[in-house]
Amino acid sequence: MTLFTVLSGKTFTFSSIKDVLAKASEKKSGDILAGIAAASDLERVAAKVVLSRLTVRDLRENPVVPYEDDEVTRLNQDSLDMTVYQEISGWSIAQVREYILDYKTTEADIKRLGRGLTAETVAGVCKLMSNLDLIYAANKVRVMATCNTTIGRRGTLATRLQPNHSTDSVEGITASLFEGLSYGSGDALLGLNPVNDTVSSLTEVLKRFDEIKNRFEIPTQICVLGHITTQIEAVKRGAPTDLIFQSIAGSQKGNTAFGFSTDTVREALSLLKEKGTGKGENVLYFETGQGSELSSDAHYGADQVTMEARCYAFAREFHPFMVNTVVGFIGPEYLYDSKQVIRAGLEDHFMGKLSGVPMGCDCCYTNHMLADQNDIENLSLLLASAGVNYILGVPAGDDIMLNYQTNAYHDAAALREVLGLHPIWEFEKWLEKMGIMENGRLTAKAGDPTIFTQRR
Amino acid sequence: MLDEATIARIAEEVIRELTKYGVPAAEHTKQETGEDIDSPESKRETLLTNPQDGEALQKMKRATTARIGVGRCGPRLNTRTMLTLRADHAKARDAVFADVTPNFLEELGLFTVQTCCGDKNTYVTRPDLGRKLCPEAVETLEQKCRKRPDVQIFAADGLSSTAVEANLSRILPVLTDSLTDKGLTVGTPFYVRFGRVGVEDHVAEILGAKVVCVLLGERPGLATAESMSAYLVYNAHVGMPESKRTVVSNIHKNGLAAVEAGAYIADVIGKMLAQKASGVDLKKG
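Chains as they are written, first to last, in my numbering: chain Y, 1 to 456; chain B, 1 to 285.
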């Protein structure tokens, strides 16, 4: 294992694998804030050179958070497919990158490879990829998951319909929900971020979602994204839900800061098997985002891309229906501008797929970042061409509760048309039945939320 | 000459024709009068033409401030929806990145000191530096401010200079007067440029204030860029837990009005001094 190199006549030495990984990352304000980023562009490239020569074994044997201290590391290390790992442990990270991009390497090959990689290796490969590499490699792979419907089939682009309301008014939520459905949004999920994280508030909204889903026979999933413990309590008391949600971090300390452990996730899984309304095997929903570990001082001096990869290593152990990076929500201290947000979105999507989780992306930005609606439209187009499972949809891009902007309901329709993609199959059939979509396009009726308010 | 009934009929037909091609008649009026598309009245209008149930749509729009009933051109937003969204975002961005005008601060009799951030971009990316006053600022405070007051009030830009300009001149006099009426000593007020909430800990240490209170602009949403918060601490010091802070938030004209907020905050400060506590340690009631 060599931690130094000469580059352009200068010698660069790194103190550890963690240091190499941090300095090999594309420039991110969060890594600068953490004091671990490369000091110059040339040092960044030197770190990439050193990283490219390290082996899969080097990265596996040097997790950024010690095995003894952290259940995310333990889950990741203990579940590794040892047959695959033995075959590739001597490969350099450059070799792994080139194997993934090679014409001869198939989708099945990449999926098999992923089972033998720890999060640190997934992050390492990502740091050697350009943006188009990330898109090309991710596009080779589709990760499917099944709840009431199946997400992630090649040729589809789904959306989570997010009808948030500033006071959780059920009528206000329903209004935004109908608006979204009328644009063909909501095939991945009808999912609300609640203001009030209480059992009664969650239950009230879930009952409305369930009633609408059943009344209009909508082939989709429902969820209200309270804290995992609140959702568990609501389901125990009879609230109908297809999925249970939780934000996750790349270390046990980060997850503790989020107020849950692996036992909580296991409890949610077994509860849903018994009482959930979801029909398929995949019933969990996780959200991630670069920088969350640093914000709770749970990053152990590691960079935000590597910590993000560890989220996916954690997520894959629980076979979720959907995982998404809320990429631009965290603010400019972690992702400064549109360049960094777009890069992060592509990185997260690639790493999620290589880890074997069904990835979506909330292509979003806050008002104190150097980004605007144009930038996230760019990101959603890039990710849709990379084969992302889903993006978000909110009324005209403006989320009145979370105070940030993401994709408009309209966007999925435009992206699908531009790239020849379709909603989830059953959902498209439903849209056709409702007269909202025809031959892959919105009809004249589309965009009218009152088609759902007519007395039947 | 046409009679009135004929004119009305023709007008109706014209409107129907216009609506058929997806351009609401209201748009034409706006073009002529230069009407503000970002006004609350404009935002209440629905751009969706020919909904199946217009009454239901109005009811839905009353149930939420989300941008619904907006209609579309192909699979894209109508021009007006797109421009209104951009206008609201521009306001929010300006609130974050513009400075409070020096005249405004002078009129309130406030002098300005700066944190360790040299510019706005450093400020938004380095929260650690925005929590620390620069050496010159420390010196200025030591020279100009009353020491060991019961209460030290100051303002900071936070993430919205718009919020500071919209609320400060109303909240500051009420707050100061209410505290003086309670017989409390109030320190010399000032303004911190590039200031985060945590800078109050540094200020309290330098001046030895029992209670410190920063009035600061909150991160703007698209609905309002004018929201201010007050963060209050008893016996603040650098490195103390965040749970020691008491917050009064949502101070703006459609939330908690600035004058009301001033009186309310003075009462909270009274309680903090009586209980010698703040944040989670402060008993309610």
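Don't take each hint at face value.
Cut-off 27 Å, straight-line C-alpha distance, at most; resulting in silico cross-link-like pairs (DSSO-like, lysine-lysine) [claimed, not checked]:
no.	chain 1	residue 1	chain 2	residue 2
1	B	244	Y	253
2	Y	433	B	91
3	B	43	Y	27
4	Y	207	B	59
5	B	182	B	271
6	B	120	B	147
7	B	244	B	284
8	Y	445	B	182
9	B	271	Y	213
10	B	244	Y	339
11	B	43	B	182
12	Y	339	B	182
13	Y	445	B	43
14	Y	27	B	59
15	Y	253	Y	279
16	Y	433	Y	445
Quick look at which bits of chain Y chain B covers, simulated, 3 or more residues with Cβ under 8 Å [claimed, not checked]:
no.	segment
17	26-39
18	69-82
19	172-185
20	309-323
21	330-336
22	413-421
What the hints contain is simulated information worked out from the structure, not anything from laboratory work. Just so it is clear, the structure is predicted and the values come from calculations on it, not from any experiment. Built from N, CA and C at the ideal position, the CB exists for glycine as well.
Against the structure, the hints come out as follows:
For the hint linking residue 244 of chain B to residue 253 of chain Y, the alpha-carbon distance of about 22 Å falls within 27 Å, and the restraint holds. A C-alpha spacing of about 42 Å is found between residue 433 of chain Y and residue 91 of chain B, which places the hinted pair above 27 Å, so the restraint is violated. Taken as a hint, the residue 43 of chain B and residue 27 of chain Y pair is broken in the structure, with Cα atoms around 40 Å apart against an allowance of 27 Å. Annotation: proposed proximity of residue 207 of chain Y to residue 59 of chain B holds, straight-line Cα distance about 21 Å (limit 27 Å).
In summary, the hint linking residue 182 of chain B to residue 271 of chain B is supported, as the alpha carbons are separated by about 11 Å, within the 27 Å threshold. Note on residue 120 of chain B and residue 147 of chain B: the hinted pairing is violated, with a Cα-Cα distance of about 30 Å set against a maximum of 27 Å. Straight-line distance between C-alpha atoms of residue 244 of chain B and residue 284 of chain B comes to about 14 Å, which keeps the hinted pair within the 27 Å bound. Between the alpha carbons of residue 445 of chain Y and residue 182 of chain B the distance comes to roughly 64 Å, so the proposed pair goes past 27 Å and is violated.
Taken as a hint, the residue 271 of chain B and residue 213 of chain Y pair is broken in the structure, with Cα atoms around 50 Å apart against an allowance of 27 Å. A distance of roughly 37 Å separates the Cα atoms of residue 244 of chain B and residue 339 of chain Y; the hinted pair therefore is violated under the 27 Å criterion. About 45 Å separates the Cα atoms of residue 43 of chain B and residue 182 of chain B, which puts this hinted pair outside 27 Å; it is violated. Between residue 339 of chain Y and residue 182 of chain B the alpha-carbon distance is near 53 Å, which puts this suggested pair outside the 27 Å criterion.
Annotation: proposed proximity of residue 445 of chain Y to residue 43 of chain B holds, straight-line Cα distance about 23 Å (limit 27 Å). Taking the CA atoms of residue 27 of chain Y and residue 59 of chain B, the gap is about 48 Å. The hint is violated against a cut of 27 Å. With a C-alpha separation of about 33 Å, the suggested pair residue 253 of chain Y and residue 279 of chain Y falls outside the 27 Å cut-off, and the hint is violated. Under the criterion of a C-alpha separation no larger than 27 Å, the hint pairing residue 433 of chain Y with residue 445 of chain Y is consistent with the structure, at around 12 Å.
Remark: the segment 26-39 of chain Y is confirmed as covered by chain B, as 3 of its residues place a Cβ nearer than 8 Å to a Cβ of that chain, reaching the required three. Chain B is given as covering the segment 69-82 of chain Y, and this is violated because 0 residues of the stretch bring a CB closer than 8 Å to a CB of that chain, at least three being needed. Counting residues of the segment 172-185 of chain Y whose CB lies closer than 8 Å to any CB of chain B gives 8, so the stated coverage by that chain holds, three being the minimum. Counting residues of the segment 309-323 of chain Y whose CB lies closer than 8 Å to any CB of chain B gives 0, which falls below the minimum of 3, so the coverage claim is violated.
As drawn, the segment 330-336 of chain Y meets chain B at 4 residues by the rule of a beta-carbon pair under 8 Å; at three or more, the given contact holds. Only residues whose beta carbon comes within less than 8 Å of a beta carbon in chain B count, and the segment 413-421 of chain Y has 3; three or more means the coverage holds.
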